[in-house]
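Taken in sequence, the protein lines are chains A and B. Mapped onto this note's numbering, the consecutive letters of the first sequence carry residue numbers 1 to 470. Mapped onto this note's numbering, the consecutive letters of the second sequence carry residue numbers 1 to 618.
Fair warning: there could be bad hints in the mix.
[Said to hold, decoys possible] Within a straight-line C-alpha distance of at most 25 Å, the following computed SDA-like cross-link-like pairs (lysine to any residue) qualify:
{"hint": "1", "chain 1": "A", "residue 1": "K414", "chain 2": "B", "residue 2": "L488"}
{"hint": "2", "chain 1": "B", "residue 1": "K112", "chain 2": "A", "residue 2": "G288"}
{"hint": "3", "chain 1": "B", "residue 1": "K353", "chain 2": "A", "residue 2": "H103"}
{"hint": "4", "chain 1": "A", "residue 1": "K410", "chain 2": "B", "residue 2": "K43"}
{"hint": "5", "chain 1": "B", "residue 1": "K98", "chain 2": "B", "residue 2": "G459"}
{"hint": "6", "chain 1": "B", "residue 1": "K41", "chain 2": "A", "residue 2": "H103"}
No lab work stands behind these hints, which were simulated from the structure alone. This structure is a prediction, so every number in the text was calculated from the model and none was measured.
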Amino acid sequence: MANIQSNRWQLSRRQMLRGMGATLALPFLEAMRPLTAYAQGTGSSLDPVRMACLFMPNGVRPDRWGAEGHGKSFSLSPILSPLEAVKEDLLVISGLSNKPSHHGDGHYFKTASWLTCTTIEHTEGSNISANGISIDQLAANAIGGQTKLPSMELGIEPIKSGVDRNVNLTRLYGSHISWKKPDVPLPCEINPRNAFDRLFRNRAKDSKNRPAVDPDASVLDIVLDDAKSLKRQLGNEDTHKLDQYLESVREVERRITNEAKQIGSGQNITPEALAKLNELNRRIQKSGGSKENELGSLSRIDPTEHVQLMLDIMVLAFWTDSTRVSTFMFGNSVSNKNFSFLDGVSGAHHSISHHKNDADQMDQYERINTWHTEQYAYMLEKMRELPDGDGNLLNNSMVLFGSGIRDGNKHAAKDLPTLLAGQAKGQIKTGRHLDTKGKGQLAALYHGMLNRVGTPTQSIGDAKRELRGL
Amino acid sequence: MRILLVGFLILANQLSWADDFAASAVPLIQKHCVTCHGPDKSKGGITLHDITTEGHAFQNFELIQNALEQIELGDMPPDDEEVLPTPEEKAELLQQLKSITKRVVNGEVPQKAGRVTLRRLNRTEYHYTVKDLFGVTFNPSKDFPVDGAGGEGFDNTADALFSSPALLEKYLAAAHKVIAAVYDDSRLVQKIIFAQPESPSEIDATAKKVLTYHASRAYRRRVSDEDMAPLLSAFSRGVTRGLTYQDALRAPLTALLVNPRFLFRAEHNQKDHDEWQLNDFEIATRLSYFLWSSMPDRELFRLADQGKLTDPDVLRQQTQRMLASPKSKALARHFGGQWIGFDKMIDHVQPDKKRFPGFSLNLRKAMYHEGVEFMHHLITEDRPIYELIDSDYTFANQALAQHYGLSTPVSGAALRKVPIQNEQRGGVLGMGGVLASTSLPMRTSPVLRGVWILDSLLGDPAPPPPPDAGELPADDTKAGGLTFREQLDAHRQSKSCASCHARIDPLGFSLENFDAIGRWRDRDANGKPIDSSATLPGNISFSSPKELKTLLMDSKDKFARNMIRKGLSYAIGRGLEYYDEAIVNDILTTVKTNNYSTQSLIHSIIRSRPFLKRSSTR
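Just chain B, same shape as in the assembly (with noise of 0.2 Å):
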């Protein structure tokens, strides 16, 4: 009887979860959008032809996402379109379209903590780590290729960490360096090694107490005698080949810098379980590569060894100790550098030297810095995220604050906190590390400051320009007679163009008194006055980066969202799922009811379910 009730039970569940997406919203899709998004053209680059079942649209919530805000929009399809959707399929299909993101949003889908593939530490973390681990000062992985990005757009997503034989041979040589280092410095490698054996008897025992310390700092977990064994017997290996007792350990010492259990940060499997909480050296691990981008430190160790870590309070508490510390400006640098985009003026910013011979490398440093600077002042000091919209502060220093034209005096080298009386400046929108990376070496781009706003700040990434869109002169002194802006209206007139860029431009438009390397300016580069008042669909029409900034401050909500997107995938290394959204809906809500707090966003996001846990599948 029960099983047969059982049965009953499944089989209505499974009536009930018909498919209304397959049977209705499927075959208009078929119908309406596969011709330009499907196996034959892939226009924008997507496609919809996969899209066949509920399972599928969840799966792909965010182009469903988009989708429905274009057919909403009327942008889909194209009016031109021979047969065009009847209101009633159009209706029909937004209300599928809807219901997916309702539910996505809501979690009323299956949820999970999700996977997070074995990372390998990226060239950032493998810099502090080595530094927390041997105390040297140098960066030894300066010259480590570039690690790749994914997900949410940083570089240390699992997925794009990758191994290759060069990569392996730079380990080696850093290994190498590191330890010599400790080796050449007296005061060093005292501490390091820090246990002398006092007789021949003693020498295996010492060896074996000073590696047991660095190996179980460096896998960050308890040791086994089965990780310790390949240490120990190249220690023995030296000694028998009549190396001293230091000499024999600097072999074993050097290897744990290229152990794979060192470079990746490995988390156990339960098996026959779906999902399972973390262990405390896990979350130690977690924890402190969100926070400082190294590993733990003497108390997260102590506490997780102490099983103390999946206490809701200590792992609050922790927290809290590590956002005070200084170490969590690689949060500030890292993540704040990826997602704002100031880390570009390490290396990617190039403006024209004859063009722009005031920019010097001590601006390029102090941009970049602002932006850290400004960043970790919102950890720090739990300010509103939407300070990052706008604020009446900034950091600079004596050459930034001349380069801004502020009015308050600042002098020296070093940044400082400087109160902006000016309303334009403030906020991300006001940094130079912003404005001079989304422009072009001569001149700036309303389109890319556009798109930057759109997707970096709103999470609203505009779709791709068709393959054979043009672009504006490279340079602004050769517009041929017209403005800039009066050619990048031109440029809108194409049909193709104008449904984004009325999106796009116009926000870059109200920039424009902001050059290509952040200055104010009345004038344009051939001597025309400014025009900064743009017009965005709806009829909203303003000027000037202050009027823009007021905008953007009724959107915070999304801004909010976006941000939090961001640093959920930035802290547990993997592009953000489906099963995600919810997570992300529930922190909103937290982060709202806490007036926006940065640390209220960092500590919802440490105590969310990816965070702390881990599922078998994907």
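Just chain A, same shape as in the assembly (with noise of 0.2 Å):
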């Protein structure tokens, strides 16, 4: 019997990584009871919250969008028409501002604080900053430490690079709504496949080809001593670039300790939640999307097809608990993606959003909102059929669907285009439109969802009490 008294059993934490491949035992079809949440014995409740935002670049075409109506009894604009079938399950959220946006240019001081409602620092790239952590990240470092992903950032177009010298804006502000700190903003995944694998590949594997050592565990152990060796010969700006270096050494570190747990705890994924990640896999496939080309990432997939693929793969993670927090971008800000596969529509994003009240050019903006309204409905109606908890996936998730600003044509982060969807566990009375009548903060009602997936922050942003009638 070993003397527990002695602590020559206990292994150092990398150690124990080191050492985890071995305890992986149990193999992916033979997964025996439903997923829900893993984590017993960590404080954390069964079906938590579930949190998305996603975000449209370039507003809206402002007369079509929004609620008649108050409270229960309200019809839907042409540009939310798509959502009449999951109407009871949303909230229209009218008069929303994010003020600390105000200032600036009218794209990339909006976008890189949607999530944040904070003023960015004006630079072209010597010192990036939102000023602020983004909400996605602040309820990640709350609820995302027990699950595979603490957060999971998709999008669908590639970042832009280089410094927009229209208003001497680094375009990297235009390309990340989340920031991990006020300086490290997090990049989308844009390649299905690769979303897909992260997540998913590791759980196929079945017990006979895992290796006995976690290799990547084993890999970061020999880099991680270096690394503060390192950081010691350091100046301060340095030292600043290498500890976001190390704080990601720790979290895929806690990721690979979470997985092992969760696979060798005899929790897996359930014969449903597999038949869906088989038929996802094989669209992914289908789709293209990881094929080898000179030209790099420009995207040969279908765009429906594309957004539909990621916020699939964001519907299986929820539902199989490797994340609870996601952001999705359906573009860059400024994105002059070419929207001509829509009938109606020919031309790009961007020019189009700058309508100039051409009868023809709203129209033509109008198609294009509305498209991103049919994606939203598409997630927000998968997410209703699966069942989760006492209820389904939308009922345990909110779902934040949103711009940085309201007309593409003067670019005001005034009455903001903001729809929330799923109840947070009863905790959101949807099927209502609130409308704050110009006065509510968007910060406010961001204040109110940090509250309601178990995060409570005393300010965001200009807003230090939640949403009244949220």
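Two independent chains are provided; combine them into the complex using the hints.
Listed below in structure tokens is the structure:
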């Protein structure tokens, strides 16, 4: 019998990581019970609340967005009409503004701060900072620790590099809504194959092919001490860059531990989830999203299919409790994505959003906006079909959808197009139109959302309390 | 007595340094500019209220230059302001602003080398480096997120390169994939694991030999015992667990590719010094990442190890050798591609498929490679940089030559140098990669093209449009009976637009004969004849790409200065600071003396203070 008073039997955390592979015995296909939260003993409840934030670039046609009427009796505007089927799960919120983003240019300031409600640093790149942490990351810090990934950032457009000389801002601000730290933006994964594999591939391995030692853990083990000694040799700003790296190492280590625990403790994916994963896997295969091509990452996937693949990945990630927090970007700010694949649209998103009140351009703009709400509706309907806890996945989630500006022709961060779906486990009354009459703060909505995922904060952005009537 | 004298000198110095700018310019800025460019409003994204000392003015040199230009042109303050500056006030402000810009450009401000933040390898550098390190042939960083950019717009700007857990996972996956590829290839594995232990007692020593070689290459310097310790103990652990010699090397070799000493380019600090010379290995690294986007090769390492790279003659010879190597194509691809913008052909340009059914993937590739080959030709053949403005040749394959309608027949898929007889083509303005990336999916955009000429070629960006600026229809067949040109003219009637668009649009108009995918056309999408005549403020009239190029040739110093700024920023991995302007000016002088030779520009950057030295502060 081991002498438990001696600490020889205690393995260091990283020794444990190294040995972890050996406990990963349960084959994927023999999973026995539905996966909910596996985190027994960590104090978290079962059926956790999930939170998603979907960003739409370039605003909306203002006269066709919103709801008529108040409270429970309301009707959806034309752009929102694809949401008719999920109306009872929807909270339409009007009149919110993101005041801290009123400064600065019409796009970058309004995009990078969409989830931070801050005034970002005006820079071409030397001191990039959102001056705040985005709500998805605040939530991930609190509730992401128990899942495979604390959060997942998805998108469909590659990051646009370079500096926008029109406004002397790094374009990075237009391609990032998730800020892990004020000066650490998180890039979106845009390849559905990569996003899928990152979440699910390890789970698909059976025990025979699983190495005795987790290869990532043993590699990180070699690196970590070295990184610390390097840090001692560096100057201030340099240390800062290396800290980002070190934190990333720790987070990946934590991910490996959790994954091993999750599989090792016998909790795995249900046959139903497995069937869905396999189906999604086949669709990704078919889309050709993983094809090698000399000319880089240019997506050759049908745009609608691309979005739906990414949203399906997010939904399954939520359902299998692989992550509880996720963001999605329909495009980068100032995106000139060609929307001619839609009937009645010929041209690029950003150009069309500058409609000059021209009837034809407004019509095209509306069609583009409507396509976005259709995708949102697609995701909500998928979530509603999936049983989760006592209800369905949507009942246990909050899915935010919106843009950092109202009218693409004006670029004001007032009366922002904002929708919230799902009941967050009975904490939100949906099927309503909440009109703040232009007085609501976007940050106050976020304050309320963070309360509902169990991350109460003192203040977020310019709000000290949650939105009234939420 | 001596102390007294020193004290007096300091005092005298301070007296003569009395801040004229703060005394005379700042009150005028506060009075006439800050209402619109201050804490409450920041029109055009410009704020001037926090420029309160000469020091601030130096730091905001570009802004000051911009303000100077706007005031000189009479664009600012706008005529409809209630209180306009008196002629005396205006003259005083102009004189102060001119004094600032003159002193910055002439180096009459405190000079230093500057400080580059710890640079992470970007995805391109990672790819090339791993290829050079382990000889793999695939691109392991293909799925890495695109790196953002800062400074002068390049994705190797240290401050804009971040690390995230998602990226680290990709580093891990890539490292496993690379080492697996090595182990799966019997030829390659023998090359990498170049020594085998002859007896069990030699196992550790042999592993040390192999790992020391690879670690010093991966870390781009001599390695210490401290560097080697974690690698060797990982090897020993493997052996203890019963792995073979070769298999036990796997984890430490993989770990090299995730090690921050590999992923980041660290440069040493010197305590108690304001500025110091980089060491030989650091110079080798800066040089190879500038010219090759990759790690130093054997010869550079050898010279660095011998302490010879600090010798200016050796540095020059090495630069020449490296430029002559095919690896210098990286400079053409990544510096040229990001500066001129033809790299947008890779994943951002989306000509509409229905409108331009002939725009194939092959054509897209050819347009990208035309830019690369052209730039590489300038570098390797040491051509004058102004051939970017106009040249009597380009690089084309059969498809591209047909697309352009070149009179010289070209056959096959490979690009080759082709003479151009038609003076409309030639130079970057005739390149599909430039013409398509400054167009919209359905149509050309004279505005985007004009902005691109001002910004990318001349380094003189136009101010941003007001937030409620409209745009023309995205599709030029929906022009409501007006020609496209007529619509744009109408757009410019608006006063708030006119002052900038008068400078922008004419440049784009003269290129209207090139359609949105770079073909020559005489009629627009509605069948109306193309009008490429244009008039710039000052009554400068011209028409057609050919005449535009003549006009740009008159500004070739401005173009050269811009290219130097871009090149310097790309080389040192940071945005330029005011104290770099004097360096840019010196390089311009040298480049002009050398008939604008491309290599003289590169050599000048490499022997410059910010390239070879490092300061303790930014």
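- request: Could you check the structure against the hints above and give me the numbers of any it violates, in ascending order?
  value: 1, 2 and 3
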